Amino acid sequence: MTDMKHTDMEEINIATDVLVLGGGLTGIKAASEIADSGYKVVLVEKNAELGSQKGPVSLFGLEKESKGLQDLENKITADSNVEILTQASLVSAEGVTGDFNARLSKGEEIVEHKVGAIVVATDFATAVLNENYGLTLADNVLAQTQMAELLASGAAKQKLANKTVAFLVGLGQDGNPLVMERVLNSVLALQEIEGCEAYIYAGDLKVASNGLERMYKESREKGAVYFKLTEKPNIVENGKTISFFDTVARRDIEISPDVIVVEEELRADDLNAEIAEILRINVGPSGFLQNDNVHFFPVRSNRDGIFVAGSTREISGLPSAWTDVENIAVEVRDLLGDGKKTVAKNIGVVNEDKCVICLTCYRCCPHGAIYWGDKKAVISPMACQGCGICASECPMDAIQIGGFNDEEITEKVKSSVVSSNGTPRILAFCCQNSAFEAGEMADMFKMQLPEGLRMIKVPCAGKIDVDYILNAFVSGADGVVVMACHPGNCKSENGNTFAQWRVNDVYRMMEEAGLEKDRLCFAGIASNMGSDFSHIVVDMEQKINELGLSPLK
Amino acid sequence: MSTKNKKVMVVGGGIAGLTAAWELSRFNIDVELIEKTPFLGGYAIRYCCKATDECRQCGACTVEAMLKNVVEEPKIKVHLATEVEKINNNGRISVNLKKSSYQPNSAKEGIVRGYSKNNTPLHVMVDKKKCEENPDAVPEGAVELDTMGYSGKLDVDAVVLASGFQPFDAEKKGTYGYKKFPNVITGLDLECLMREQGAVVRPSDGKIAQKIAFIQCVGSRDERLGNLWCSQVCCPYALRMAEKSKHKNEDAEITVFYMDIQNASKDYAGFYEKCKTDFRFVRNIPVDIFPMENDSLSMRYMNEEDGQCINEEFDLVVLSVGIMPGPDNSNLSDLFDVGLNEDGFFAGMDKLNSTSTLKDGIFLAGTVAGPKSIAASKAHAGQAASEVIKHLGVS
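Here the protein sequences line up with chains A and B, keeping their order.
For the first sequence, my numbering assigns the number 2 to the initial residue and increments by one for each residue that follows.
For the second sequence, my numbering assigns the number 621 to the initial residue and increments by one for each residue that follows.
Keep in mind that the hints are not guaranteed to be accurate.
[To be verified] With a Cα cut of at most 27 Å, we get these calculated DSS-like pairs of lysine-lysine:
| no. | chain 1 | residue 1 | chain 2 | residue 2 |
| --- | --- | --- | --- | --- |
| 1 | A | K160 | A | K65 |
| 2 | B | K868 | A | K544 |
| 3 | B | K1010 | A | K65 |
Calculated from the structure, these hints are not laboratory results.
These numbers come from a predicted model, not from an experiment.
Using the sequences and the accompanying hints, generate a full structural model.
As C-alpha cells, this is what we get:
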C-alpha cells in the first residue's frame, strides 16, 4: 500500500510449483493445503518416512484429531499433485520469489525443480535437561518424552500403579506453554492409574495457552500436588529423595519418588542453520528461522516467496502450526495466482552505464531481491520491496527507486525549507511506515508541532542519503530530524541502522564544518507515536531557538 | 480468479476483523465489515508502542497499518455504528442490520475522538445539545452519531465473527479500589495514557510516577470468579510497559506482583533477564489497597521469604486486567446458532481448526474464540480467511 508512482508495468510468468521442506505433520499439512489450492508440491523430508512427529500426537491431547492426521498423510501420499522425496535435502535455491531454481539431492541423484514459493516446515527437536538438575537418566529418571511414550503404551497401567511420580519443570529452563502442556497431559494420564500420585516441582507455570489453566486445575482436583519454587529442589542420590524448604510452612518438605520425570527443552531443528544459509533467510532468536519482527508475523521470512511454518519459526504445538499453514496457504495463493503477475518495472532500476557490479547492492539488500547479469546488477521487480537501501548504499549512485528518485527528493528538500516570520525551518526525514504516519497522527490530533516543520516521506529510513541531509542544511534548514522505525521493527530489517550510520557520518561532517551537532537528531519512532513525534520535533525547535537560526543560510 | 458475487460479512472491526476483511479482499471477495462503535480498531488500536531502545514486539503499530489497509481497500465496505439484528441461514446467509445502541462511557464536550488518524470520521458528536452549545469545540468533519449506522438487509456467503473481547472490569475486585482511588489504573488505562501523553503520569496530579506496582492476573486465573484461563497477554504487556516506564524514567522503581510469569516475545529469555535486573518481582498477589495522603497507595502483601505481611507504599498501581468473553457473545451465539465454550468464548470446530464452527458458513477470528495477543489474533484471522476461501471454493 505505498503511493509510489508505478506506471511502467509489465506482465511476467512465474513458476507455480511449491517446495515444502520438512515432512513432519506441519509439512504434510502445508503440502495438502497448497495442493488443494491447485498447485503442484514437492515435499522434501530428510528421513526415510514422513510424519516423524507422529508419536507425540497422542501426547499433545490430540487423540480426537489423530485420525484426521493419519488421513492427511494418506491423502497427500495418494495425491498426484504432491511429489514426495524422502531421504532428500535441499542443496541450493538460486533465484527469487516466483522463480526459484531448487536443486535437491536424493542419494547420489540431484533433481532440479522450478518453484515459485518455498515453505520451510521443520519440526522442533527435544533435549533432556537432566544435567541441569544433576540427574542421570535411569530406570527411575525418565525424560518427559519417555514418560509420555510409556503412558501411551499399554504398559503404564501396571508399571506405574501405586507409584509416586515427581515432575521437574520450569526450574531447569524458563520453559513455555508447550513444555507445560506436555507435563500436564502426562500428569492427567497418570491420575487415571490406580494409586499413582503426582508431585510437580515447578518454576513459573507457563499456562498461557488455551485450556492449560483448566488442565492445571483438573489435575489438582484429582490430587496432583504442585510445589511452586523459585529455585531447584535438593535432589539426592539420583532422585531417591527430593526436598525443599517451604517458606510459608517454615519446614523442609521431602518425598521419595519412585520415578522422576525431567523436563525437556524444545529447540530449533538442527537443519535450520543450513536451510537458512541456502535460502538466505535470517536466523532469529534461539536458532528459529524468523526475526523477532512483528512485520514478518505470522509466516513471512525476510525474503518474499519464502515462508516459515510452525516450529520452524518458534516453538509451536500443532494448533498454532495449523494456523501458520493456513496463513501460508493464503499467502501462496495470493503470490502465485494463475502464474501471471503484473509488476512495476521501475521499483528499483539499475543504470547500466554507472553500475560496475561491485555487489554492494547484492550484499545490503535485506530482501534478497538482487542478483547480477552480464553488465549490471539486476533488481527483481517481483522481490524488490522498494526500500531503497541499495540506492543509498550504491557507491556509483547507479540505482533509482520509483516514486523516490534522488532528483525528486532533492527538489522536495529545497522547496520544503520554508520560513514564516523567522521561525526555525525544520526538515524531518520520515520513514513512510512509522515516522510519517506518526507525524500525520500528531497533526490530525492537534498535537503541538513547530510552524516551520516539513516532513519528507521516504520508503524506508534506509533510503535517507547523507546527501539529503547535507542538502537540507545547505538549502537553509535550521534543523534536521531523521526518524526511523525502532531497531527490530524495520520492514527492511536494518534500514534504520543504515540511517543511523549515515546520521553519524553527517555529525562528523558537521563537526568539521563547524555546524552545531544539535541541529541534527536521529530518533526511533512507531506509527502510533504521535505524541512522541510531537515531543521530538518540538525539542528540536527549542534547541534551534537556543542556537539561533542556521549560519548557513 | 473466479470469485463473482462472493460476499463475506465480518462482524467486528478490531484487529482480527480488520485482518480477516483485508485477507479476504486480496482474493477479490466483497467484504461487508460491521462495527458496533463509530470507530475501527477495537481495543488494540488504543495500545501504545512499547519500544524502548528497541522494538518489544507488542505489535500495536501493526494495528495502525492494518486499519489503514482496510480503509484504503475499495472491496471492503465498512458499516460503523452498526450491529446484527437477525440472521436467516439457508444456504446464502441473510443478515438484518440495525443502527447500534452504542453509547460512549464519557464524551468531552459531547464529542468522541477515534484512536487512529485513519478513522473516518475521526470525531463523532454523541451529544448534539452540548455540541450546539459550544460549536467552536466541534472539529471539522465531525459526524453526528445519530446519522451513522446502517439499517437493512445483506445477503452474504459466509460470516466471520470477530467481535472480540472485553477487558476485565476491575471494579469487580473491590478491594483494589479501582475508580475509587485515582492512582489505581488498569493496564488498558496505562496503554491509553502512554499513547496519548508518551509518559507515565499519575492521574491524580499529573506527576511522573516514581514507585509503580503492577498486579498481574486481575480477573484471570481466578477460581473464585470462575475465570479458569490465563489471558496470555497481561504478562507481556505489563513487562513491556514496565520496561518502557523505566526507559522513560530511569529512576522509576517498579515492582511486579505475580503468580507465574508468562513469556513475552520470541527472545523471551533475554528480555526476562533484563526485566529481572530492572524491576523487583514478588511472587504474591496483593489483596488490599488502601489510600494514603497525596493520593499514594498502601498495599498489603505477603513476604515470600518469611510469610509475614508487609505494607508498602506506591505512587501508582497498575492492575493487569485480563481478556474476558465479549459482551455480545451470548447474543451473537443465539443469533448465529454457534455454541460457546465453558469459559464463554466461541467454540471452534476442534483444537486444530479453531476458526471453523459446527455451523456451515460461520467462522471465528481472534479473541472471540479465546485470549490472544495482537500477533495471535492476526494469525487466527488469517486462518479464518483461509477457511472461508476454501468454503467458498474461491480459486
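Against the 27 Å threshold, does the CA-CA distance of A/K160 and A/K65 hold or violate the hint?
holds (26 Å)
Is the Cα-Cα distance between B/K1010 and A/K65 27 Å or less?
Given that 27 Å is the threshold and the Cα spacing comes to 23 Å, the pair holds.
Does B/K868 pair with A/K544 here, judged by a C-alpha cut-off of 27 Å?
holds (20 Å)
Violated hints are absent here; each numbered hint is respected by the structure.
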